[in-house]
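2 protein chains.
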Amino acid sequence: MSKTQKIPEPTIERLALYSRPLETLLETSVDVISSEKLAQICDVNPAQVRKDLAFFGEFGVRGVGYNVRELLKAIKEILGSYRVWILGIVGMGNLGKALIGNDNFKKRNYRFAAAFDSDPLRVGQKLACGLIVKPVEDIEKSVHALGIEIGIVCSHGAEAQRAASLLMDAGVKAILNFAPAQVRAPKCCMVENVDFSVKLENLAYHLAKIS
Amino acid sequence: MSKTQKIPEPTIERLALYSRPLETLLETSVDVISSEKLAQICDVNPAQVRKDLAFFGEFGVRGVGYNVRELLKAIKEILGSYRVWILGIVGMGNLGKALIGNDNFKKRNYRFAAAFDSDPLRVGQKLACGLIVKPVEDIEKSVHALGIEIGIVCSHGAEAQRAASLLMDAGVKAILNFAPAQVRAPKCCMVENVDFSVKLENLAYHLAKIS
Chain Z
1 MSKTQKIPEP
11 TIERLALYSR
21 PLETLLETSV
31 DVISSEKLAQ
41 ICDVNPAQVR
51 KDLAFFGEFG
61 VRGVGYNVRE
71 LLKAIKEILG
81 SYRVWILGIV
91 GMGNLGKALI
101 GNDNFKKRNY
111 RFAAAFDSDP
121 LRVGQKLACG
131 LIVKPVEDIE
141 KSVHALGIEI
151 GIVCSHGAEA
161 QRAASLLMDA
171 GVKAILNFAP
181 AQVRAPKCCM
191 VENVDFSVKL
201 ENLAYHLAKI
211 S
Chain U
1 MSKTQKIPEP
11 TIERLALYSR
21 PLETLLETSV
31 DVISSEKLAQ
41 ICDVNPAQVR
51 KDLAFFGEFG
61 VRGVGYNVRE
71 LLKAIKEILG
81 SYRVWILGIV
91 GMGNLGKALI
101 GNDNFKKRNY
111 RFAAAFDSDP
121 LRVGQKLACG
131 LIVKPVEDIE
141 KSVHALGIEI
151 GIVCSHGAEA
161 QRAASLLMDA
171 GVKAILNFAP
181 AQVRAPKCCM
191 VENVDFSVKL
201 ENLAYHLAKI
211 S
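As they're listed, the protein sequences go chains Z and U. The opening position of the first sequence corresponds to residue 1 in this note's numbering, with each subsequent residue numbered one higher. The opening position of the second sequence corresponds to residue 1 in this note's numbering, with each subsequent residue numbered one higher.
Bound-form chain Z, shown alone (with noise of 0.2 Å):
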């Protein structure tokens, strides 16, 4: 694969996607997959598929397929995802509470420092992952202690914005943002907004078209 080849952006958040049936496949055994069942499960074109991984050279067999180990491999080093990232959530509701549970994160090399609130009655609270929650103004002392990379914020509307500022004048280059409001951040910074009634217009879209 050649490293100076730019990939386009769709094409990052396919790879994610189609490493977590590339995962269940290893796990399983199954050593080759072809084009088309990964798309079919993936519910992408296959011709996309074809495409997105010609970015990787050559680990397609004309009739056969991938090679399982070594798409996922290159995909993994693609998206650096052999390498541990440092988390620091801000705002410890139930989605921050949720948030630091899933399984999908642990699974996938990123791991949470810290948890923090602004609301005095969380603030000392022991999570279930052994985490007490901190308060905001710990924020830049945190990102620094203990090297936090990325911030999730999951604070309510009002209050993402403040959180996201503090993680990044702490220095936190990438933040996720769950609140349901848009968060802005300087060039230096990356934000990826969450919006989960997003996918939900997308599918009453399809729904009132068939119904």
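Hints are computed from structural coordinates only; laboratory data are not their basis. Quick caveat: nothing in here was measured; it's all calculated off a predicted structure.
Okay, derived cross-link-like pairs now, SDA-like style, lysine to any residue, Cα gap no bigger than 25 Å in a straight line:
id, chain 1, residue 1, chain 2, residue 2
1, Z, 6, Z, 77
2, U, 173, Z, 44
3, Z, 209, U, 190
4, Z, 73, Z, 54
Computed list of chain Z residues with no C-beta within reach of chain U, every gap over 10 Å:
id, residue
5, 27
6, 34
7, 47
8, 113
9, 122
10, 126
11, 130
Reference listing, derived: stretches of chain Z covered by chain U, where coverage requires no fewer than 3 residues with Cβ under 8 Å from a Cβ of chain U:
id, segment
12, 90 to 104
13, 200 to 210
We put the beta carbon where it would ideally sit given N, CA and C, even for glycine.
Please arrange chain U on chain Z, whose structure you already have, making use of the hints.
Same frame as chain Z, but now just chain U:
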């Protein structure tokens, strides 16, 4: 706007995204927005915004921008957002509780009519929204009685397929799956899988490149 014109899938997803800041603008009495500004808020290329909105005909006035109210109305009509959608949710752990209380759902006419869980310890619990958690065995009956149209699955991995199948067998045609397991569905049904760690891997990929 032409009702017969086929709108591409990624455009549909972006329309929901565009509608978020448009709602805020309308609330704050902003009448007009330029494609550049809307693009900036939504983190999308301005040319992409113009291309997407071109599906809706003449809302843009060259050199001025789009009429916020008209544009939002057209997007909501396309997405079916004026209609109330009835939801049923399976899996009342932290994530289920977070979703049922999500303001974005309420604000967009998504109404939770029932909540289910397979855990006898959770069945019978009264939720903050007033619903009582029902056993999964009640799914079929409830789907018919309450007219549930969209199912939300946030059960544990192994339980997710069962939950989704119970919903689909009862006639639910669309599933939003938050469980860390892909859910398979017959051709007549739609499943959107939400995996938070995909977004995280995307951030990690970009972080690895700049660090």
